[in-house]
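Asks: Sequence lines, in order, name chains A and B. So the first sequence is numbered by this note's numbering: it starts at 1 and just counts up by one. So the second sequence is numbered by this note's numbering: it starts at 299 and just counts up by one.
There could be a bad hint or two in this list.
[Claimed, not checked] Estimated spans, in silico, between C-beta atoms of each pair: (1) A/Pro137 <-> B/Ala547: 42 to 50 Å; (2) A/Pro137 <-> B/Pro473: 22 to 30 Å; (3) A/Pro94 <-> B/Pro330: 26 to 34 Å; (4) A/Lys244 <-> B/Gly468: 35 to 43 Å; (5) A/Glu246 <-> B/Pro435: 33 to 41 Å; (6) B/Gln546 <-> A/Pro32: 25 to 33 Å.
[Stated by the list, open to error] Here are the simulated SDA-like cross-link-like pairs (lysine to any residue), alpha carbons at most 20 Å apart as the crow flies: (7) A/Lys250 <-> A/Gly202; (8) A/Lys250 <-> A/Pro94; (9) A/Lys105 <-> A/Val48; (10) B/Lys548 <-> A/Glu114; (11) B/Lys548 <-> A/Gly113; (12) A/Lys105 <-> A/Glu183; (13) B/Lys548 <-> A/Pro94; (14) B/Lys548 <-> B/Arg436; (15) A/Lys250 <-> B/Lys350; (16) A/Lys250 <-> B/Val336; (17) B/Lys548 <-> B/Gly559; (18) B/Lys542 <-> B/Gly556; (19) A/Lys250 <-> B/Glu412; (20) B/Lys350 <-> B/Asp524; (21) B/Lys542 <-> B/Pro330.
Derived from the structure by calculation, the hints contain no laboratory data. Note that the structure is predicted; figures quoted are calculated from it, not measured. For glycine and all other residues, C-beta sits at the position ideal for the given N, C-alpha and C.
Number of protein chains: 2
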Amino acid sequence: MTDASDSSVRTEGLEELRAIVEAELERRLPPPESTPEVLREPMRYSLVAGGKRIRPILVLLACRACGGRDDEALPAACALEMIHTYSLIHDDLPAMDDDDLRRGKPTNHRVYGEASAILAGDALLTHAFAVLASDTPRRDRIPAMVQVLAHAAGPNGMVGGQALDLAAEGGETSPEHLVEIHELKTAALFAAATRLGAEAAGAEPATANALERYGKHLGLAFQAIDDVLDVESSSDVLGKTAGKDERQAKLTSTVVHGVDGAREEAARQSRLALDAISGIAGASTLVDLTEQLMERIA
Amino acid sequence: MTDASDSSVRTEGLEELRAIVEAELERRLPPPESTPEVLREPMRYSLVAGGKRIRPILVLLACRACGGRDDEALPAACALEMIHTYSLIHDDLPAMDDDDLRRGKPTNHRVYGEASAILAGDALLTHAFAVLASDTPRRDRIPAMVQVLAHAAGPNGMVGGQALDLAAEGGETSPEHLVEIHELKTAALFAAATRLGAEAAGAEPATANALERYGKHLGLAFQAIDDVLDVESSSDVLGKTAGKDERQAKLTSTVVHGVDGAREEAARQSRLALDAISGIAGASTLVDLTEQLMERIA
């Protein structure tokens, strides 16, 4: 399905997508003339701080896989990355994970203080919905897209997973509980990414469902990979504090399955992801992306 | 325009509206079976803690003024109250206003801890958009309504005002800066309330604009009233800590205008509010509501 030897072209493609996303994120910040600078500055700091941009790239690729154009997907892509970024800002707060380093830079509250970091997170979360509802070209799809995003990011999705994650520290270590946390905390937003891309392109329900399923399994693979890297990599490589999960007694794939077991779980989930989109002709770039993610722990 | 002697009926009407809102808020919390209890419980605690419910009531009354039904307005009304509630939870955090009392009860973080309070706020904010986009009967109005709500609550609205409010503590005390803060911090969400009610009813643009203008001026009146009450009332009466603004060196109407001047400002803004809806036949309940609010500082 893909030429695995051609990794330089694949890397270039990903860099190009990342550049498209970066430019759009900057452009879709709230306008300086109507936004207090004391708020816009910390919002911008974390939003343009880099990162893999994997979620917005998934929106774009899912949209392309359904025959859609980038301009149809970019508002949703930016909205999703704003929500991911807000969650990192709040996650790093002293009352939460209390972290000093993110994307290779000091965390938001270390630069602007806790109050500004809380508000910058709130503002990015809220602004995400403004961007999605104002800028998405297919107006008829907006109600469904807002539902998808709010559901995936909210109490039945990402925030719910974060609450379980905090509550699980030092507690129960069953595989079932781990899956529940990872599905909410990580997979929900990945599934929303590919679903939003499909909706943005005006896809048929069956195709949108398949892409959503792909996103969910990719998210579970991604989280297992992330857990392995937290154990095996340095903070320099990660751009965030390494070995943190263990110190905080987090419930992770490596705690439940061991490092090798977590690798196997990542491989299993990535196969399920690829199965989900095997019937979609335009999805070859998503296959590439899946393989590239797996190479991080190869 | 209204029979001011008939205050018992008016009070009853308001109580009835409040009861409608209370019942709906409870019903529109995320379902227990798919929401982690560690998150749903702190969300519920603050959302059903009472309060005047003035914003959702404004949504209902604006919708009725345009000939709409309550079921058309209730999703937006609940969404707005969820956003107002999240802003109170985050505002009360130690890193922000550091308050122990809200709506006559211990603040969210005093009961559940800071991490849960941050997440409960995030969850209410996100869930508000799910409710608005999932449950609003007039699907064609949803994109505009999401835009209105996100804009009013976001960096160009409420959160922007909170950021300015924090930055203004102990600083500049010009009337212009005060107006800027109050327009963003309070009036934006009031204006959104009446605009959302109009949109929910499928109102014509001219009527929706008039109601939005009414909401804005009512919000400015409300904030001036709130500033007067903070100086003149006890914590028991307010259900939140009285005299707090002065201790935190907040920029308020009473600081800029004095207590009598703030009363005059409230009266002036409420007249502007009433002017805005003088041409709307169905708006007599909004006239009643305006007068009742003014009576709080009479």
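Asks: Which of the listed hints are broken here?
Replies: Those not satisfied are hints 2, 5, 7, 12, 13, 14, 15, 21.
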